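*Asks:* Sequence:
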Amino acid sequence: MCKLKKFNLHHSLTNYNMSNNEAVQWAAEADNNLARNEILTDDEIIRTVTAAEDDDEDDVTPVNPVKISHSEAGAALNTSLQWAEEQNFEAHEIMLLRCLRDHAFELKIETATQKKN
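Residue numbers (numbering that gives the first Met the number 0): 0 to 116.
There may be inaccurate statements among the hints.
Claimed, not checked - Distance ranges between label pairs, derived from CB positions:
#: 1; residue 1: ALA50; residue 2: SER79; range: 24 to 34 Å
#: 2; residue 1: GLU105; residue 2: ALA50; range: 50 to 60 Å
#: 3; residue 1: THR49; residue 2: LYS115; range: 53 to 63 Å
#: 4; residue 1: LYS115; residue 2: THR78; range: 26 to 36 Å
Unchecked claim - Straight-line Cα separation of at most 27 Å, DSS-like style, residue types lysine-lysine; simulated pairs:
#: 5; residue 1: LYS115; residue 2: LYS66
#: 6; residue 1: LYS107; residue 2: LYS66
#: 7; residue 1: LYS66; residue 2: LYS114
Calculated from the structure, these hints are not laboratory results. Bear in mind that the values here come from a model prediction, so they are computed numbers and not experimental data. Built from N, CA and C at the ideal position, the CB exists for glycine as well.
Go ahead and model the full structure; you've got the sequences and the hints to work with.
*Replies:* Written as structure tokens, this is what we have:
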């Protein structure tokens, strides 16, 4: 332990009114805590952390995103647009929602046209 830490510990203990029994009990608890903690080398710490990260990767389940149709997007954007208008959003925000809705509608028409051909 470095001298500064020893001084701080000694200073803390001398300025704290602790009876001998309390000091002995505190020291015994500190010894018990140290005995329960395993002392690891740097390599052991790295292996432990790496193994924990590997275990976390096993818990990951692949996500298969649900494909949202152009019709569903258009309906959602219509609802969003109606909500934004009711909430008195700024004009540029409403225009953005309209632009997105119109784009979803164009994609829907384009997809329908491609399926017919």
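*Asks:* Are the hints correct? Go through all of them and say.
*Replies:* Status of the hints after comparison with the structure:
1. ALA50 with SER79: 24 to 34 Å: violated (46 Å)
2. GLU105 with ALA50: 50 to 60 Å: Roughly 52 Å apart at Cβ, these two residues keep to the hinted range, so it holds.
3. THR49 with LYS115: 53 to 63 Å: holds (56 Å)
4. LYS115 with THR78: 26 to 36 Å: holds (28 Å)
5. LYS115 with LYS66: Roughly 21 Å separates the two Cα atoms, so the pair holds.
6. LYS107 with LYS66: holds (14 Å)
7. LYS66 with LYS114: The given pair, whose Cα atoms are some 18 Å apart, holds under the 27 Å limit.
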